[in-house]
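Visitor: Below are the chains, spelled out letter by letter.
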Amino acid sequence: MSIRTANLTKIYFKGLANEVVAVNDASIRIDDHTFFIVTGPSGSGKTTLLSLLGLLTRPTKGKIFYQNEEVSSYSDAWQTKIRKQQIGFIFQQYNLLPRFSAWENASLPLMCHNTSESERKKQATEIMHKLGLEKRIEFRVSLLSGGEQQRVAIARALVTNPKIIIADEPTASVDDETAASIREIFKTLKKEGKTIIVSTHDHALMKEGTTFAALKNGTVTNT
Amino acid sequence: MKNRSRRFQEHINFLNYAMDSIFTYKARSIAIVFSLMIALMVLGSIAFISDGLTKEAESSANFAPDITIQYLQAGRQVAIPMEYAQQISQISYVSKVVPRVWGYIYYHNRIYTVMGIDAVKMPIPKDIGFVMVSGKFLQPNDNQTAVVGNYLAKVFDLETNDILVLYDQSQQPHNFTVNGIFSMDVNLYTSDLILINLNDSRNFFNVSAEEATDLCVYVEDQTQTRYVAQQIAQSSPDARVLTREALKDALVTTYGARSGFVSVVWYILLLSVILVAWNQASAVSEEAREEVGILKALGFSTSNILEIRLLEALILGFISASSGIFLSVLYDFYLGAPVIRDFMLGWAAVYPSFPLPILISFSTMLTLYAVALFPLFVGSLIPAWKSAITEPDIAMRGS
Numbered sequence: 046m047s048i049r050t051a052n053l054t055k056i057y058f059k060g061l062a063n064e065v066v067a068v069n070d071a072s073i074r075i076d077d078h079t080f081f082i083v084t085g086p087s088g089s090g091k092t093t094l095l096s097l098l099g100l101l102t103r104p105t106k107g108k109i110f111y112q113n114e115e116v117s118s119y120s121d122a123w124q125t126k127i128r129k130q131q132i133g134f135i136f137q138q139y140n141l142l143p144r145f146s147a148w149e150n151a152s153l154p155l156m157c158h159n160t161s162e163s164e165r166k167k168q169a170t171e172i173m174h175k176l177g178l179e180k181r182i183e184f185r186v187s188l189l190s191g192g193e194q195q196r197v198a199i200a201r202a203l204v205t206n207p208k209i210i211i212a213d214e215p216t217a218s219v220d221d222e223t224a225a226s227i228r229e230i231f232k233t234l235k236k237e238g239k240t241i242i243v244s245t246h247d248h249a250l251m252k253e254g255t256t257f258a259a260l261k262n263g264t265v266t267n268t
Numbered sequence: 124m125k126n127r128s129r130r131f132q133e134h135i136n137f138l139n140y141a142m143d144s145i146f147t148y149k150a151r152s153i154a155i156v157f158s159l160m161i162a163l164m165v166l167g168s169i170a171f172i173s174d175g176l177t178k179e180a181e182s183s184a185n186f187a188p189d190i191t192i193q194y195l196q197a198g199r200q201v202a203i204p205m206e207y208a209q210q211i212s213q214i215s216y217v218s219k220v221v222p223r224v225w226g227y228i229y230y231h232n233r234i235y236t237v238m239g240i241d242a243v244k245m246p247i248p249k250d251i252g253f254v255m256v257s258g259k260f261l262q263p264n265d266n267q268t269a270v271v272g273n274y275l276a277k278v279f280d281l282e283t284n285d286i287l288v289l290y291d292q293s294q295q296p297h298n299f300t301v302n303g304i305f306s307m308d309v310n311l312y313t314s315d316l317i318l319i320n321l322n323d324s325r326n327f328f329n330v331s332a333e334e335a336t337d338l339c340v341y342v343e344d345q346t347q348t349r350y351v352a353q354q355i356a357q358s359s360p361d362a363r364v365l366t367r368e369a370l371k372d373a374l375v376t377t378y379g380a381r382s383g384f385v386s387v388v389w390y391i392l393l394l395s396v397i398l399v400a401w402n403q404a405s406a407v408s409e410e411a412r413e414e415v416g417i418l419k420a421l422g423f424s425t426s427n428i429l430e431i432r433l434l435e436a437l438i439l440g441f442i443s444a445s446s447g448i449f450l451s452v453l454y455d456f457y458l459g460a461p462v463i464r465d466f467m468l469g470w471a472a473v474y475p476s477f478p479l480p481i482l483i484s485f486s487t488m489l490t491l492y493a494v495a496l497f498p499l500f501v502g503s504l505i506p507a508w509k510s511a512i513t514e515p516d517i518a519m520r521g522s
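Protein chains in written order, with our numbering: chain S, 46 to 268; chain V, 124 to 522.
Any given hint could be a false lead.
Claimed, not checked - Distance condition first, Cα-Cα at most 25 Å in a straight line; then the derived SDA-like pairs of lysine to any residue:
1) V/509 to S/143
2) V/509 to S/119
3) S/129 to V/514
By construction, these hints were calculated from the structure, which means they are not laboratory data.
Using the sequences provided together with the hints, build the complete structure.
Guide: Next comes the structure, spelled out in structure tokens:
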């Protein structure tokens, strides 16, 4: 699944005193099966760029293409369908639902895939085993460590077997050991041929990248 | 087939999610259920009694003859001369004119109606459920006999052949043998009415044979009732002519006037319920908004999210309404609707104690469920829809 943007711009609070140009005129290309790394200092617009690429927000200007299909102007329903079928998200703050157990969180995307509870649990458990979470399956996520929560979030992103993985600083909030295990997960995903888009400051993770974009004040300075 | 069951699975998943939300946000769920339950209990109690009273009023009117004639003097009802009966019987379509002599007695600190009727001529309407539960009805040649309603018999512990002692206005005792005990659809009559023979009634109330309390006019052809009433009104301007329909309207209006007061309270309560439900349902926390953003990011569509919220509202509304209605039935039937009973029947102590008429109708049940569900639906849907159409990025960031 290749992704391309043309003159992508995202302005928050447009026209107001607190207007922020989060992404400015970004034109990038992410080919199939590439490991695309987005770098840049805090506040440079990495998260917004990832949100734009993952169709979580609409650009103020510019276009996004999936396989040469302009998807940024698609209706909310169609964009939701693309997210549901093609994309797995890993958020910096995990964005897990604290009232659910680890496996329930991991299997959440399958709820709208007509999958029964037993099947959801089976699929989530399989992935959690691979991520070393076999002893945490029934735990409430609020009782898990930061690293475990991040791995549950990764399991959730992978449970629908999406073609694209978008991860926002996946190793930023975890200890070194967990960061290393997360890097291993991304290596495996890279081998599996997923299209991976990651924003990170983690140099070890950057080494896995095949394509890069550096952001400064919302502008892509280097690809 | 498999595809259809898989499609159905999605709705089961959403139902489970909705149930989970209800249990997770316990405080909010309990607040909605409790406030709606109490409000619906009051609304239901009032509505069931009000419906019962209206039905009672209509049934009471069915007991009346086609036309009732009363005589007015100086604007007040007085005994009607019997020659009116002769005049009225000459009018076309009149099948018979039957006098009644009746009045009230104060007995055991309550007021009761003693009605003297012509046991042969006076027909008992078929659609009022009049049944003799024991003994027999008044016989024309029996003197000093009475038939009473079953509820009155129960209150006074009367059985057939017992002696009922009634005191006339001179406080002279009159003994009546209880000939029979009847039941009928109108609770008030089974609790209030003592039927005796016309002559005994004349004697008891000291009304001469030339007079009656009122005249019951029966019409051959019911479509001509209005015409007959007009003829009587024209020929006897000093008479009050009450058709059964007019009487029914008057009775329903009388109950309606009382329930009109209650209606005002009912509508205020209804409005409060709607506001409470709306307020509770539409209070969307930051956490809930963020959750919608996460779900959307994970592939839940706007309609999926609305379905979840609708299911939540449906479950909460159904539980609230059902428990509120259940409590109102308990309150009305088993507790006798304390406080509300006085509102609905009046505070006068002189009326006989009688079973509270309660009617649980399909339309009232439907209204009560609608009262619970509609504001919850709207109150849940609008904020859920607003959250669901917000970009997931914005919803998750909470800005």
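Visitor: If a hint holds in the structure, say so; if it does not, say that too.
Guide: Structure-based check of each hint:
The hinted pair formed by residue 509 of chain V and residue 143 of chain S meets the criterion: a straight-line CA distance of about 23 Å does not exceed 25 Å. Taken as a hint, the residue 509 of chain V and residue 119 of chain S pair is honoured in the structure, with Cα atoms around 19 Å apart against an allowance of 25 Å. Pair hint residue 129 of chain S plus residue 514 of chain V holds up; C-alpha atoms about 15 Å apart against a cutoff of 25 Å.
Hint compliance for this structure: no hint is broken.
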